[in-house]
Each structure stands twice: as structure tokens, then as C-alpha cells.
Amino acid sequence: MAAPALRRSRAAALLGSALVLALAAGCSSEPVTGAAFPDWDAVDARAAAHFDAQMTLLDERIAESSPFTTDARTDVTGVAYTHAIHGDNKAGGQSVVAVRGNPASVFVRQTDSKAGFTLDTLHIGGEASDYLLLGDSYSSLAPTEWVETPTIYGAPGENEFAAALRTMCFITGFQTMCEIREAIRVTQESTFGAQMRRSVQTDDDGTVHSETEVTLAAVVSVAALLDIPAGISDQFTPEMLDSFIPVSVWQDSDGNLIKMEMNGTVRGTDGVDDFVVQVGFEITGSATKKDFPAVPDPTDVTVIDESGISAFYDALGELS
1 MAAPALRRSR
11 AAALLGSALV
21 LALAAGCSSE
31 PVTGAAFPDW
41 DAVDARAAAH
51 FDAQMTLLDE
61 RIAESSPFTT
71 DARTDVTGVA
81 YTHAIHGDNK
91 AGGQSVVAVR
101 GNPASVFVRQ
111 TDSKAGFTLD
121 TLHIGGEASD
131 YLLLGDSYSS
141 LAPTEWVETP
151 TIYGAPGENE
161 FAAALRTMCF
171 ITGFQTMCEI
181 REAIRVTQES
191 TFGAQMRRSV
201 QTDDDGTVHS
211 ETEVTLAAVV
221 SVAALLDIPA
231 GISDQFTPEM
241 LDSFIPVSVW
251 QDSDGNLIKM
261 EMNGTVRGTD
271 GVDDFVVQVG
281 FEITGSATKK
291 DFPAVPDPTD
301 VTVIDESGIS
311 AFYDALGELS
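For the sequence shown, the numbering used here begins at 1 and goes up steadily by one.
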């Protein structure tokens, strides 16, 4: 029975000797090879460069895919959404969009507006008009449920300068993406550009996920992004305007957009309420003919020409 105890004693002695040697090595005056702390400025610079490269690639893909200014055919469906809260003030909306062909046909269907206040839009590629499907609460605007207006997507024969402006940013959803992208650019060019977070990682499936942030001041300056009433934006304190809102971007391995979202809370200061926002656009699939309604019968359409379009939208705004 003494042998096991003896082996344990020898093992303990060996362990003790090893520990003494390790401590002696730690106290040695000889240099010890090890890993140095990283150069964090260099790490940040590489991350920023990688992020900028992804944004440049996104810009290029959006420009190349325009079914109005290029020969590209973009057949996609997507969902655009906007939700914002400031105190008792709440605003929001969600739309399903389908884009197909070249020149593109576009259908935008509002899905979460207040009952009766929907306004769906149908554009047939190459035509000079758009068809608007009025919700019941807009029935006083026309004797028919459909209204035909001059197109916003570019009419055949328009001058080259006007035609060149018809990009993907004219389409609901892509417009949201372009406005968030502009808020990123405004933040980068501001005094807070050096502070904004920028990171990029690639998932196992090849999806590239970029993260950054924009200032509330940049969001306010890109007026179309949220269309914040002056009565609200004027309440934002300097501290709030300087605050960052997180932005996430997902792209495929070729740089094409999968999803972009701005989502966060700006804490109120000096008695001002918090500002909560979630805005984004996500590609959901490939568009087919089934994603578009039939062109309305002429007897179901009221035509509003260029001379009456301003009055129509003014009346629409008063009812909304």
C-alpha cells in the first residue's frame, strides 16, 4: 500500500520542481518573447477602409442596377418600413414594393396605414403615367378609386438630363436606403466623422454585415428620410443632435443590398422626450407578374394632368 503514496510524493515533488523553475524563469533578466499590444489606430484605420470599400461597392451596384438609366433588369420585391416615437407623437408606415423589367414596372402597396388611408402606386414600364389606388378615406378626391397622374419614374422622350436623374432612389424602399446612405455620408463629413463606429464582418454564408452610426443632426438634415416636423426637430437639444443612432447594412458577396436599417434611441436631455426610430428596407425575393395588379379599366380611372397635380396632392395632404 506504500507504492501509491510514494508515487504521489514523487509526482508532488516533480510538480514542485517545475513550479520553482517556472517562477525562476519568470524572474529571469533574460527577455521573454510575447505578443505586443496591437496598434489600435491602425486597426481602426483598416476597419474604416474596409467599411468605406463596402459602401462604395453598394453605391456602384445601385447605380449599375437602375432599370431606368441602364440596360440592367432588376426583378426584386422588398419591404420598406418607418417607425418613430417622440413623446406622444408617433408616426410609421410599411410598404411592399415590387420592381420588374426594363424599363421597370413598379408597384408599391401600403400595408399598415390607418384603415382607409392607403395609397398604392402602379407604374407600367415605359408609360408616361402612374396609377394611384385611393383608400376609402380619399374617396372625395376623385369619382373613381383609381387616379392617373404624370409619372415620377420618367416619361418616354424626356431630356437626357432629367432621364439621368431616374435612379433606383426614385423607388420606395430603395429611396429609404439612399437616404440612410446619405445620412452616413453627412456624418462622415461632419466633425463627428472620426468618432463614428465602422466595422465589417463576413458570415459563413458569404453575407457581409457592416455596422456604423449616424448623428441625429445628419438624420434631420436629410429631410426626406423621416420628414420630421419642425415643431419636433426644434425641440432636439445640441446633446441629442450630437448623439449617434446605429445603422446596419447587409450585402451579398457581390456587394448587392440585402437589407439596411437605422434603429436606435436618442436619449432626451433638458426635459425633452427620447426620440426612438426604426427605419429600413429589406429585399425579400424576386418579382414576378403575380406581384402586380392588372392595369385598371379606363372607366375606373380619373385622369389628373400636370396642371391639376399640385392641387391634388395638396388636397391629399389635408386628408392624411
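Since the hints were derived computationally from the structure, they do not count as laboratory data. Treat the numbers as computed from the prediction; the structure is a model and nothing was measured. Please note that a few of the clues may not be correct.
[Stated by the list, open to error] Simulated restraints on C-beta separations:
id, residue 1, residue 2, range
1, D203, S140, 42 to 52 Å
2, F117, P296, 12 to 22 Å
3, G93, V303, 19 to 29 Å
4, T269, P296, 18 to 28 Å
5, I152, A315, 12 to 22 Å
[As the list claims (entries may be wrong)] Taking lysine to aspartate or glutamate and the DMTMM-like style, the derived pairs with C-alpha atoms no more than 25 Å apart in a straight line are:
id, residue 1, residue 2
6, K289, E145
7, K114, D314
8, K114, D300
A virtual CB, placed ideally from N, CA and C, is assigned to each residue, including glycine.
Against the structure, the hints:
1. D203 / S140: 42 to 52 Å: Distance hint for D203, S140 holds at roughly 51 Å.
2. F117 / P296: 12 to 22 Å: 20 Å, holds
3. G93 / V303: 19 to 29 Å: Cβ of G93 to Cβ of V303: about 27 Å, so the range 19 to 29 Å holds.
4. T269 / P296: 18 to 28 Å: 51 Å, violated
5. I152 / A315: 12 to 22 Å: 18 Å, holds
6. K289 / E145: OK: K289 and E145 at ~22 Å, within 25 Å.
7. K114 / D314: Distance ~19 Å between K114 and D314 Cα, so the pair holds.
8. K114 / D300: 24 Å, holds
Checked against the numbered hints listed earlier, the structure breaks hint 4 alone; every other hint is satisfied.
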